[in-house]
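Chemist: Residue numbers (the working numbering), protein chains in the order written: chain A, 1 to 114; chain B, 1 to 117.
Treat the hints with care, since some could be wrong.
[Claimed, not checked] Simulated pairs of lysine to aspartate or glutamate, DMTMM-like, Cα-Cα distance not exceeding 20 Å: (1) A:K78 x A:D63; (2) A:K42 x B:E15; (3) A:K57 x B:E88; (4) A:K42 x B:E88.
[Said to hold, decoys possible] Label pairs and their calculated CB-CB ranges: (5) B:L56 x A:E53: 23 to 29 Å; (6) B:K58 x A:T76: 33 to 39 Å; (7) B:N61 x A:T7: 24 to 30 Å; (8) B:A1 x A:E18: 43 to 49 Å; (9) A:E59 x B:S26: 40 to 46 Å; (10) A:Q41 x B:S12: 17 to 23 Å.
Calculated from the structure, these hints are not laboratory results.
Cβ atoms here follow ideal geometry from the backbone N, Cα and C, with glycine treated the same way.
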Amino acid sequence: EPEVTQTPSHQVTQMGQEVILRCVPISNHLYFYWYRQILGQKVEFLVSFYNNEISEKSEIFDDQFSVERPDGSNFTLKIRSTKLEDSAMYFCASTGQLSGNTIYFGEGSWLTVV
Amino acid sequence: AQSVTQLGSHVSVSEGALVLLRCNYSSSVPPYLFWYVQYPNQGLQLLLKYTSAATLVKGINGFEAEFKKSETSFHLTKPSAHMSDAAEYFCAVSDPMFSGGYNKLIFGAGTRLAVHP
């Protein structure tokens, strides 16, 4: 079964460093998302992306965050200058017309900012 | 604005007992509703979804949920719990009328299910 893949599975970074989290959505999907889950808290929407542009973003998704689909298969989330409070599990997700409104999630990238 | 409330952050049942995880939603339009499961150190896996067809939805692993518009609820049930059901369960809602295409999911806070022998 097709799946969303994410790398790295775990990254430790120093505060102030830039981080790029990578995702390969399911082939033929056209809608992409990033969510995050701070330890012990609910899953929160960050951003949705369609047709090479952001379609919606949350209050969390400030100027420190950016997304990109650089090559037609990868979908990346960049955090420019990480803060301690950015420590969380970041989930990439995708969906498309053939998925029947189901959003498929990757296994997540666990980011620890120290 | 849409929202989801999951009553009970922790639920503990005996193996073989009924599982009932509660979810209530708030939405200005008939929503799409989902239950996802998260096993320890894993991603989110779809259990089942309601998208305006049958109100009783059957999912994987013997789970089912019933959409009750009058109660704005979408509770998740399983007749007989297994030890392997121990996980975190998230209810989520999305707006099918979103003009942008496929709308984001709004998640509840989650319910951690413990199953004891």
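Chemist: The structure should be examined with respect to each hint, and the outcome stated for every one.
Modeler: Structure-based check of all given hints:
Distance restraint check for K78 of chain A and D63 of chain A: the Cα-Cα separation of roughly 10 Å lies within the 20 Å cut-off, and the hinted pair is therefore satisfied. For the hint pairing K42 of chain A with E15 of chain B, the CA-to-CA distance comes to about 27 Å; that exceeds 20 Å, so the pair is violated. At roughly 26 Å between alpha-carbon atoms, K57 of chain A and E88 of chain B are farther apart than 20 Å, so this suggested pair is violated. As the CA atoms of K42 of chain A and E88 of chain B are separated by approximately 10 Å, the hinted pair is consistent with the 20 Å bound.
A C-beta distance of roughly 39 Å is found between L56 of chain B and E53 of chain A, which places it outside the suggested range of 23 to 29 Å. Checked against the hint of 33 to 39 Å, the C-beta distance between K58 of chain B and T76 of chain A comes to roughly 37 Å, which is consistent with it. Separation of N61 of chain B from T7 of chain A is about 28 Å and conforms to the stated range, judged on CB atoms against 24 to 30 Å. For the pair A1 of chain B and E18 of chain A, the beta carbons lie near 33 Å from each other, so the given range of 43 to 49 Å is not met.
For E59 of chain A paired with S26 of chain B, a C-beta distance near 19 Å fails the hint of 40 to 46 Å. At roughly 21 Å, the beta-carbon separation of Q41 of chain A and S12 of chain B lies within the given 17 to 23 Å, and the hint holds.
Comparing the model with each numbered hint stated earlier shows that hints 2, 3, 5, 8, 9 do not hold.
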